[in-house]
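Participant: Letter by letter, the chains look like this.
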Amino acid sequence: MQIARVCGTVVSTQKLEKMRGLKLLVLQLVDAEGELLPDYEVAADLVGAGVGEWVLFSRGSAARVEPGRELSPIDALTVGIIDTVSLENRQVYNKKDRY
Amino acid sequence: MQIARVCGTVVSTQKLEKMRGLKLLVLQLVDAEGELLPDYEVAADLVGAGVGEWVLFSRGSAARVEPGRELSPIDALTVGIIDTVSLENRQVYNKKDRY
Amino acid sequence: MQIARVCGTVVSTQKLEKMRGLKLLVLQLVDAEGELLPDYEVAADLVGAGVGEWVLFSRGSAARVEPGRELSPIDALTVGIIDTVSLENRQVYNKKDRY
Amino acid sequence: MQIARVCGTVVSTQKLEKMRGLKLLVLQLVDAEGELLPDYEVAADLVGAGVGEWVLFSRGSAARVEPGRELSPIDALTVGIIDTVSLENRQVYNKKDRY
Amino acid sequence: MQIARVCGTVVSTQKLEKMRGLKLLVLQLVDAEGELLPDYEVAADLVGAGVGEWVLFSRGSAARVEPGRELSPIDALTVGIIDTVSLENRQVYNKKDRY
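Protein chains in written order, with the working numbering: chain A, 103 to 201; chain B, 103 to 201; chain C, 103 to 201; chain D, 103 to 201; chain E, 103 to 201.
To be clear, the hints were calculated from the coordinates, so they are not data collected in a lab.
There's no promise every hint is true.
Copies of the same chain look alike in the list, so a pair counts if it fits in one copy or across any two.
As the list claims (entries may be wrong) - With a cut-off of at most 20 Å between alpha-carbon atoms, the simulated EDC-like pairs for lysine to aspartate or glutamate come out as follows:
(1) Lys125 x Glu190
(2) Lys120 x Glu168
(3) Lys198 x Glu143
(4) Lys120 x Asp185
(5) Lys120 x Glu172
(6) Lys198 x Glu168
(7) Lys197 x Glu137
(8) Lys125 x Glu172
(9) Lys125 x Glu143
(10) Lys197 x Glu168
Model the full structure from these sequences, guided by the hints.
Facilitator: Structure below.
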């Protein structure tokens, strides 16, 4: 999985049927030290993440194992909103410090 | 998923049987700020996207979950034509402004 | 999918059983403007492509959906020989011009 | 698979149901000569690896073949704690030397 | 698939059950001209390749289609030991010249 910061949203009305009802978030990848990377991904969101929050997301067929989503043509999905990231037992990110 | 701009088409007559009937679009990837990237992908298209439009596309096995396409040997598929892309609550792309 | 130019072949006799009978082509990737890229892939070939031809190829599990190939341990497959590539309604490649 | 060094952990409480009970490790990739790379991955851990240990990890659907984990939306999993890495019959890493 | 040179081995005793009995090779990728690349992969080996040999390997779910390996959490597998690589009808590698 990768760590990313939610930085926006995508809206599409002319789309495949099985894309309906899915919120689409623009995620900017974050490296292990917490620095923003110049890479982004658009992921479907089922955990209710908002702009500014750090999330963990999965790519590939992992995005379609949620019950009811097996036929959604998605290849990226947020799997959790991050509370803390610790490196060498030092906290580099804590959600509470940001909100 | 990734955001891309439709920039062309590929035509192939000598191809695998299950590729028949699929429109093949050349997509140029776009970064989160809306800048064109030097990366492209060829994707099958089932949403009727045209040259110049921004689309959202999926890669990998997500390209084959549409009913009837399970045996198409494709690894990229457009899943929606993009209306808007917003970053930090600021719109960076709106289809209406382009057409 | 990606566009590539067939540039060679690989021969292997000591191989997994389900690799038998598969022609293995060395493909050099081509960017959207038709420039050769420093990236290559070895793909199984079922469309009869020859050295010098441009092909469209798929990666991942898409390489194993052809009937009879489900158990071949391959992750790349040519899916069509390219006739034309057009960008912004301008033809950048036409097979007839090359042969 | 890739070789990596465990360098941290991620904690997420607001997450998809099937992510529950999974320890999430931050892994920093290591090249064949044993040098740390600027690339990281977050992987679920079922082998009990700790910070500082070298692990082997798999990506993609391989992360979900463990019995009971088929529906976990994960795309990276530690598959073993590394004892030794040998290159050209020369040992470049031995767990015993590090602990 | 990719071409690589076998350059080492990984040993892991504390590992997932379905990893048992698998030889793990360190592979250094080779480009189409036969130059070693700074990229490596750890692959399970079922063709009996040794250090110094060139192999063809597959990534992703292709690594698990061999009968009996469906539940091995691996994402890379050697599928053949390479005899020759030819580019533009010129041989760039021949196993016999190396041994």
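Participant: Look at each hint and say if it fits the structure.
Facilitator: Each hint tested on the structure:
1. In this homomeric assembly, Lys125 and Glu190 come within 20 Å of each other (Cα to Cα) only across copies, at 16 Å, whereas the closest approach inside a single copy is 35 Å.
2. Proximity of Lys120 and Glu168 under a CA criterion of 20 Å is satisfied in both settings, with 14 Å inside one chain copy and 8 Å between copies.
3. Within a single copy, Lys198 and Glu143 get their C-alpha atoms no closer than 25 Å, and across copies no closer than 23 Å, so neither meets the 20 Å cut-off.
4. Proximity of Lys120 to Asp185 under the C-alpha cut-off of 20 Å is restricted to the inter-copy arrangement: shortest distance 18 Å between copies versus 31 Å within a copy.
5. Proximity of Lys120 to Glu172 under the C-alpha cut-off of 20 Å is found in both arrangements, the shortest distances being 10 Å within a copy and 15 Å between copies.
6. For the homomeric pair Lys198 and Glu168, neither the shortest alpha-carbon distance inside one copy (28 Å) nor that between copies (34 Å) is at most 20 Å.
7. Proximity of Lys197 to Glu137 under the C-alpha cut-off of 20 Å is restricted to the intra-copy arrangement: shortest distance 15 Å within a copy versus 30 Å between copies.
8. For a Cα distance limit of 20 Å, the shortest separation of Lys125 from Glu172 inside one copy, 16 Å, qualifies, whereas the shortest one across copies, 24 Å, does not.
9. For the identical chains of this complex, Lys125 and Glu143 are intra-copy neighbours only, at 14 Å inside a copy versus 24 Å across copies, given an alpha-carbon limit of 20 Å.
10. Taking CA atoms no more than 20 Å apart as the test, Lys197 paired with Glu168 passes in neither setting, with 26 Å inside one copy and 31 Å between copies.
Of the numbered hints stated above, those contradicted by the structure are hints 3, 6 and 10, listed in ascending order.
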